[in-house]
Amino acid sequence: MTLAVRVIPCLDVDNGRVVKGVNFQNLRDAGDPVEMARIYGQEGADELTFLDITASSGDRETTYDVVRRTAEQVFIPLTVGGGVRTTEDVDKLLRAGADKVGVNTAAIARPELIREIAQRFGSQVLVLSVDARRCPSGTETESGYEVTTHGGRRGTGIDAVEWAHRAAELGAGEILLNSMDADGTKDGYDTAMIEAVRKHVTIPVIASGGAGKLDDFAPAVEAGADAVLAASVFHFGDLRIGEVKGALRDAGHPVR
Amino acid sequence: MSSAAKKIIVFDYGFGNVRSAERALAHAGADVEISRDYDKAMAADGLLVPGVGAFGACMKGLREARGDWIVGRRLAGGRPVMGICVGMQILFGRGIEHGVEAEGLDEWPGTVEPLRAPVVPHMGWNTVTAPGDSRLFAGLDKEERYYFVHSYAVRTWELEVANPHMPGPKVSWTTHGEPFVAAVENGPLWATQFHPEKSGDAGARLLRNWLDTL
Numbered sequence: 001m002t003l004a005v006r007v008i009p010c011l012d013v014d015n016g017r018v019v020k021g022v023n024f025q026n027l028r029d030a031g032d033p034v035e036m037a038r039i040y041g042q043e044g045a046d047e048l049t050f051l052d053i054t055a056s057s058g059d060r061e062t063t064y065d066v067v068r069r070t071a072e073q074v075f076i077p078l079t080v081g082g083g084v085r086t087t088e089d090v091d092k093l094l095r096a097g098a099d100k101v102g103v104n105t106a107a108i109a110r111p112e113l114i115r116e117i118a119q120r121f122g123s124q125v126l127v128l129s130v131d132a133r134r135c136p137s138g139t140e141t142e143s144g145y146e147v148t149t150h151g152g153r154r155g156t157g158i159d160a161v162e163w164a165h166r167a168a169e170l171g172a173g174e175i176l177l178n179s180m181d182a183d184g185t186k187d188g189y190d191t192a193m194i195e196a197v198r199k200h201v202t203i204p205v206i207a208s209g210g211a212g213k214l215d216d217f218a219p220a221v222e223a224g225a226d227a228v229l230a231a232s233v234f235h236f237g238d239l240r241i242g243e244v245k246g247a248l249r250d251a252g253h254p255v256r
Numbered sequence: 001m002s003s004a005a006k007k008i009i010v011f012d013y014g015f016g017n018v019r020s021a022e023r024a025l026a027h028a029g030a031d032v033e034i035s036r037d038y039d040k041a042m043a044a045d046g047l048l049v050p051g052v053g054a055f056g057a058c059m060k061g062l063r064e065a066r067g068d069w070i071v072g073r074r075l076a077g078g079r080p081v082m083g084i085c086v087g088m089q090i091l092f093g094r095g096i097e098h099g100v101e102a103e104g105l106d107e108w109p110g111t112v113e114p115l116r117a118p119v120v121p122h123m124g125w126n127t128v129t130a131p132g133d134s135r136l137f138a139g140l141d142k143e144e145r146y147y148f149v150h151s152y153a154v155r156t157w158e159l160e161v162a163n164p165h166m167p168g169p170k171v172s173w174t175t176h177g178e179p180f181v182a183a184v185e186n187g188p189l190w191a192t193q194f195h196p197e198k199s200g201d202a203g204a205r206l207l208r209n210w211l212d213t214l
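Going line by line, the protein sequences match chains A and B.
All the letters of the first sequence, read from the start, carry residue numbers 1 to 256 under the UniProt record's numbering.
All the letters of the second sequence, read from the start, carry residue numbers 1 to 214 under the UniProt record's numbering.
If you are wondering where the hints come from, they were derived from the structure by calculation, not from laboratory data.
Watch out, some of these pointers could steer you wrong.
With a straight-line Cα cutoff of 20 Å, these simulated SDA-like cross-link-like pairs (lysine to any residue) come out [stated by the list, open to error]:
id, chain 1, residue 1, chain 2, residue 2
1, B, Lys-60, A, His-253
2, B, Lys-142, A, Lys-92
3, A, Lys-92, B, Arg-19
4, B, Lys-170, B, Ser-151
Stretch by stretch, here's where chain A covers chain B in the computed footprint (C-beta under 8 Å, at least three residues) [to be verified]:
id, segment
5, 18-29
6, 40-51
The C-beta atom is built at its ideal place from N, Cα and C for all residues, glycine as well.
Given only the sequences and the hints, what does the whole structure look like? Please build it.
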């Protein structure tokens, strides 16, 4: 009896529509996040993550509606992140049907937000999203990794490993570790960074950024990740959830 | 699915994803309503008690909604109750979180304690070892996995049933770092540490198994 490695597809959602998403056969509407979520669920996804990139906060109602409709049809855990700034935002997403909420920039600006969310809703709802990169020349942190904002364009000088550790102490239930260096490269996960974070936190770590081929997933788990997240390789149909699980199983890792 | 849908009340006391439970039960064929109304909760074929967050906070919320009474009265009359996650934990004698002890409903003796494992919370899909005659897990393969998310658990099952004419409680176990109680079937009182409402097809089957007994 061992906990299975979770395979998590992530959908970028803009104003109620999936941003990138083609190449799926038997899909009526590849732009509908609810439809995509249902297909991923059927394919064996262990959880789903929606990243809401809607620019205007006035359009959040659309997001709540997507979450509501997804939760009516898909009976696996759903995490929703993007633009979460207050405990009220968390409350609305949970009420709409999200099981977990991803928090990123707002917690960097005000770490107390992590404690507030954990105390009100429990640690299990809080996924701290960390967009991290190797320190560019001229900057330095103890671990060699720094937290970024604005999609990796801005460095903060905050040590990424230290931040993950602090967030766990404040009450985060999980760390979503997104490598901004590996993101989009399809060259594999940043296993060195996963190892560095794994050594310093005892809450689950989700590896994100860089998945391109089937052989990329097992090394992330061997580096200490409890779950592997990917977006584009699934959307574009390059890899299927079942294939990734097969590759993990072949490498000796338990999967559902 | 039986011809008449079973009436289920998902007890709404402010702690737990009541919507998830409602949708999954409806999907499994029940006539579900989210409510904290005393009469409705007493009259339902089954009462489902969800729960998330801290043990002490859940107990406080449950008492404020008279949930402690409702659960006790229903069980005294042999009326089915099902607890999920912290909704299972509060059925035990006491919970210890951050060194603070809180009283539970004490339907079963036992203590809810921090789970000792390298990575906590225990978050994700795990297998369950159920007794062969379990009705909750009937028809479900032993390799099947269920969705857990918790940092506390019951390590020791303490209830002894001495009466040979009474069926003993059926206790199912899972291991994460150490073995802990994953589910209990004890007369009208059933409970799971995992979330059947989030456990895909396996969870739906398990909820149907419960509905079929009502």
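Here is what the structure says about each hint:
no.	hint	result
1	B:Lys-60 with A:His-253	violated, 41 Å
2	B:Lys-142 with A:Lys-92	violated, 37 Å
3	A:Lys-92 with B:Arg-19	holds, 13 Å
4	B:Lys-170 with B:Ser-151	violated, 23 Å
5	18-29	holds (count 5)
6	40-51	violated (count 0)
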